[in-house]
Amino acid sequence: MSFTIDDTLADMKEAREDLKRHIATMPEAHWDAKPLPHCNSIRQIFVHLLATDRGVLAMLKGEPFEINRHTERHDEAEREIASLSPMQIFALHDAIGDATAAFVDEKYGDAALDTPVTLWGSEGKIAVKLGQMCQHTAYHVGQVSLIRQEVEPDWDYFKDVFGVG
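Going by our numbering, the first residue of the sequence shown is number 123, and it counts up by one from there.
FYI, nobody ran anything at the bench for these hints, they're computed from the structure.
A couple of the hints might just be wrong.
[Unchecked claim] Keeping only pairs whose Cα atoms sit at most 20 Å apart, straight-line, the calculated SDA-like set for lysine to any residue is:
(1) Lys142 / Gly246
(2) Lys142 / Pro208
(3) Lys247 / Thr126
(4) Lys135 / Glu228
(5) Lys142 / Lys183
(6) Lys229 / Gly246
(7) Lys247 / Asp129
(8) Lys281 / Gln166
(9) Lys142 / Leu214
(10) Lys135 / Phe225
(11) Lys135 / Gly287
(12) Lys135 / Pro157
(13) Lys142 / His215
(14) Lys142 / Cys256
(15) Lys135 / Ser267
(16) Lys156 / Val263
(17) Lys247 / Gln257
(18) Lys183 / Ile167
(19) Lys135 / Pro275
(20) Lys156 / Gln166
(21) Lys142 / Pro275
(22) Lys142 / Ala204
(23) Lys135 / Ile218
(24) Lys281 / Glu150
(25) Lys156 / Pro208
(26) Lys247 / Val263
[Stated by the list, open to error] The following label-pair restraints were derived from C-beta to C-beta distances:
(27) Asp232 / Leu206: 32 to 40 Å
(28) Thr193 / Asp232: 32 to 40 Å
(29) Gln166 / Gln254: 44 to 52 Å
Where a beta carbon is used, it is the ideal one built from N, C-alpha and C, also for glycine.
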């Protein structure tokens, strides 16, 4: 069976699920912890992810998107999740991911993997650009893991993330 856009969309969903596994059992009090210098809190990481993921959807739709941390879209995401619980934030993050997947499936579902799209100011192949979204999420999973290990030295990483241990 050949690799398709559906496989890339499944990878994007798995990246979001991996992020959730890293924080599903984390105490809510740790969402705003900044245990290291120049470290964002997990809540701030989600603000960034929400703003960026919304931007990706906008760019795929051909809408303008400014690539800058201090944008209206970023500020809107920050206000929106400031008082939300982790479960509400997960749901919002999933909804944006699902909306992006639905749009990609509708517009590019039957397209070749090398169909050109423009994301983050440059043109590239759809499969590569969507793969970069997975890389972006994975990068932030690493940040979340580091923060969690700092605030919870006894955290059982292997149990929570891989279900073993």
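Which hint numbers doesn't this structure obey?
Numbers 1, 5, 8, 11, 12, 18, 19, 26 and 29 - these are the hints that the structure violates, sorted from lowest upward.
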